[in-house]
Amino acid sequence: MHDRLFAGCTLLLCLALVVVGWAYQAPFAYEPVGPRAFPLLLLALIGCAVLYQLIRPSTGQHAQAEPALDRHVGRKIALCVAALLLYATAFEWLGFIPSSVLFAVAMARLYGASTWQSLIGGVVIAVGLYLLFDFGLDVPLPLGPIAALEN
Amino acid sequence: MDTLHYLGIGFGVALTPYNLLTAFCGTLIGTVVGLLPGLGPVNGVALLIPIAFALGLPPETALILLAAVYLGCEYGGRISSILLNIPGEASAVMTTLDGYPLARQGKAGVALSLSAWSSFIGGTIATVGVVLFAPLLAQWAVAFGPAEYFVLMVFAITCLAGMADNKPMKTAIAAMIGLFLSCVGIDANSGVYRFTFGSLGLADGIQFVVLVLGLFSVSEILVLLERTHHGQKAVKASGRMLFNVKEGAFVLATNLRSGVVGFVLGVLPGAGATLASAVAYMSEKRMARHDNRFGDGDLRGLAAPETANSAAACGSMVPMLTLGVPGSGTTAVMLGALTLYNITPGPMLFQNQPDIVWGLIASLFIANIMLIIMNVPMVRVFTRILSVPTWALVPAIAIITSIGVYAVHSTTFDLFLMIGIGICGYILRKLDYSLSAVLLGFILGGMMEENLRRALSLSNGELGILWGSPIALAVWGLVAVMIALPIWRAWRTRQSRNTAVADSRA
Amino acid sequence: MNSTRLSTCLSIACAMLLASASALGKEPSRPECIAPTKPGGGFDLTCKLAQAGLKDHKLLDAPMRVTYMPGGIGAVAYNAIAANRRGEAGTIVAFSGASLLNLALGKYGRYDENAVQWLTTIGTDYGTLAVREDSPFKSLDDVVQALKKDPKSVSVGGGGSIGGQGWVKIALLAKAAGVNPRDLRYAAFEGGAEHYMALMGKHVDLVTGSASEIRAQKANKIRTLAIFSEERLPGELADIPTAREQGYEIQWPLIRGYFVGPDVTPEAVAWWRDRFATLQASPEFQQYLADRDVLPLTVTGEDLDALVKQQVAQYRELGREFGLVE
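As they're listed, the protein sequences go chains A, B and C.
FYI, in my numbering the residues of the first sequence are 1 to 151.
FYI, in my numbering the residues of the second sequence are 152 to 657.
FYI, in my numbering the residues of the third sequence are 658 to 983.
Treat the hints as calculated values from the structure; they're not laboratory data.
This one's a predicted model, so the numbers in the text were calculated from it and none came from an experiment.
Honestly, I wouldn't trust all of these hints.
Stated by the list, open to error - Covered by chain B, per the in silico footprint, the following chain A stretches (three or more residues, Cβ under 8 Å):
(1) 11-24
(2) 81-93
Said to hold, decoys possible - A few chain A positions that, by computed beta-carbon distances, are all more than 10 Å from chain C:
(3) Ala44
(4) Leu51
(5) Gly144
All C-beta atoms, glycine included, are put in the ideal place defined by N, C-alpha and C.
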């Protein structure tokens, strides 16, 4: 069932991308293939393959160690994705340390830590990683509003 | 016996206490940087160049430091692959395939020590190769033109077919998705921006790190969430920390073959460690007997990519030293460092500054030995990562991953892209599609299309260029072998079954 | 001997004068140089020059960091500065003529050359044409005659994508030969030195390159046919004839330098200009540049602004001529 759903979505996506890709024309080309042949060929192949899946989903037994999704897990996954997205948004805007503290606390809660564990863990992880990367490994990280304190 | 004489000079340079200490620090830092998902040798080397300057290190010491970091990263990259199923860097992707299943079976210690040993063998084979054949190999690297690269990619894709197992359709779809993703961004052969939807963040295409971390790290985080929910414990490292002689002997042939494959491919600029580890893994899998457990924790599946990527790392020094052309992203940075030291690499370097070249080569040997000595006792320390509670481990992984991705472009666009890819990766994983097939398709696709069109540009559209050189023909031959091998094997099995049936009747 | 000493004294005096003048301004916090590419390569070097030079001459107290922001040959970095990081006084970004070309061809999105403040140039580079030492082409004229006879008879390689600066050099040559650039046989290679490898491996007959690569490639038995500069270059490169003296009016200079965000205060801009002026006045630094194959060039303030605008306009015209933009 899920396989079919996926195949259907992929097919639609392929069609949309074919429409986008059809327009690619080069002002300069020194070979007969051109910029659109390769992606369009692949889209066509993917399209055929998923069409086949749509009609005859593969019967190969799902060798899965993971148990099936239920609503609770689904909700948690959604929360986790939301946390990741918020983190990405806040990363530059709030600065690395504050956003990471918030994110780490939220994630720790999500993964079953107690309030205290998550608070302490969050602060330690965020500050520790900041020190490790910014000072230790010289990867510049955004400071956000904290930068104002420096001057 | 000039070589030996120069090597002697090299060891003289590398074995001074100061340089030994430098090599030690380098390997240590390299291991740590390689271990962190998203940070690879490029970061490690780029990080240390300013430090080397600030400390006023002489050029040979600085180069030794950088080489040690480079090798250290290749060692470190496998640790998170094996323990967490998250490749520390691109070339460690293949290591997850059998390394992680081994860790889940409780054999994390064995996997770590065996992979360290494999890296050692790979590094040593390649360093010997550098000593003996460096100038010769420069010719080999140069002989690879667009057409030859194209055929090489065809060969790699034939190898990829070996991943299919019992779900050929799904693997094919996954690989094609990867091939398609490689089309995103500017098309060098025409200057057209493809599938960027007006976003500048996609102008150069999807960055490899973003794809790897999205597919592996984000999806792993989500999978871990499910497992926590169901009260499953993370893997534990139990039992032996060291592999035994029997296991070592079992993979020795694999080590030797993969070391040579890795070195030869590593010498080619652009192909690099990732391709080398993939080809080594696939060809080992093809060569293995039918009862292999590749993908399920086969020791050879762990040894092959690890040997190959270390060998490739050493091999990529060849074009840098002999031609002054970078063999990989990391050597590009090292070349930059040499420029700052006012050293011009290239054929003259061997004549003008032999102490630097041979000091570097000798330090590759030394760094390899140091890494194996350091890594084996540290296996115990690394496996401790597994006893960190999930609630602390996952946020840390997520944040480190984000930093790794952010460090590529210094923009948050990539973070969103990574999350998007991660969600897709999670769905694909749930539906039993192979994520490593997506990734390999991505690596091969870009090089295949680009080189095919480059070759055709040069030949004026004539297809003949694709089989116009001995190298291209030889690689086509390998393609044929790769296709014929499983067919022949299937035929053999049927034959022997038939005889067995006949025997039992008799 | 005496004169060199005198010039040293003079420059030191100048430096001290400038330093005392700049003592009024304050050093921006967290100095950072953004290289809009992956580590390694020209932009990285441009940043490293600022980093090392300012530090060695004690012109900057805090260590300058180098950040990599690749994407669209500078597009990502340009937009980040023009849109989000408009007022960061401590952040300078490396640019080159290749960035200006992309800017002119509209590859930087909605921002044009007025969206940032151009700080200073540090050096320049020129386009070149190179062949193998055993090549039948001995001069630029040989190539042009061959192209005139049959544009497809010469296979050419260059770095970067079609429409990029590697390609423009060959398009200029085609133009000089009176050949349509579309009729050539050209392959685009990855940046860096892949096109040189293709040349060494005899996969192409001719490559476009730049003057800064000549020294590194010389040992690979590669001969430079022509350099697209106004006059012959100084030093080791003096033997290489210009295209101009061989009778073809092709010039392709590529400046290298830095810009800052549009909202950086005039004081901070003045501070940076001042520091760079001091740095570039130092003979050791000039030697430092020369050793690293950078041809020193100092254009700053309004002159630079005018130069950038003139170049962008020229590239835009070129783009129209070649049909790269409407």
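So, going through the hints one by one against the coordinates:
| no. | hint | in the structure |
| --- | --- | --- |
| 1 | 11-24 | holds (count 4) |
| 2 | 81-93 | holds (count 8) |
| 3 | Ala44 | holds (25 Å) |
| 4 | Leu51 | holds (34 Å) |
| 5 | Gly144 | holds (12 Å) |
This entry satisfies every hint, going by the numbered hints stated previously.
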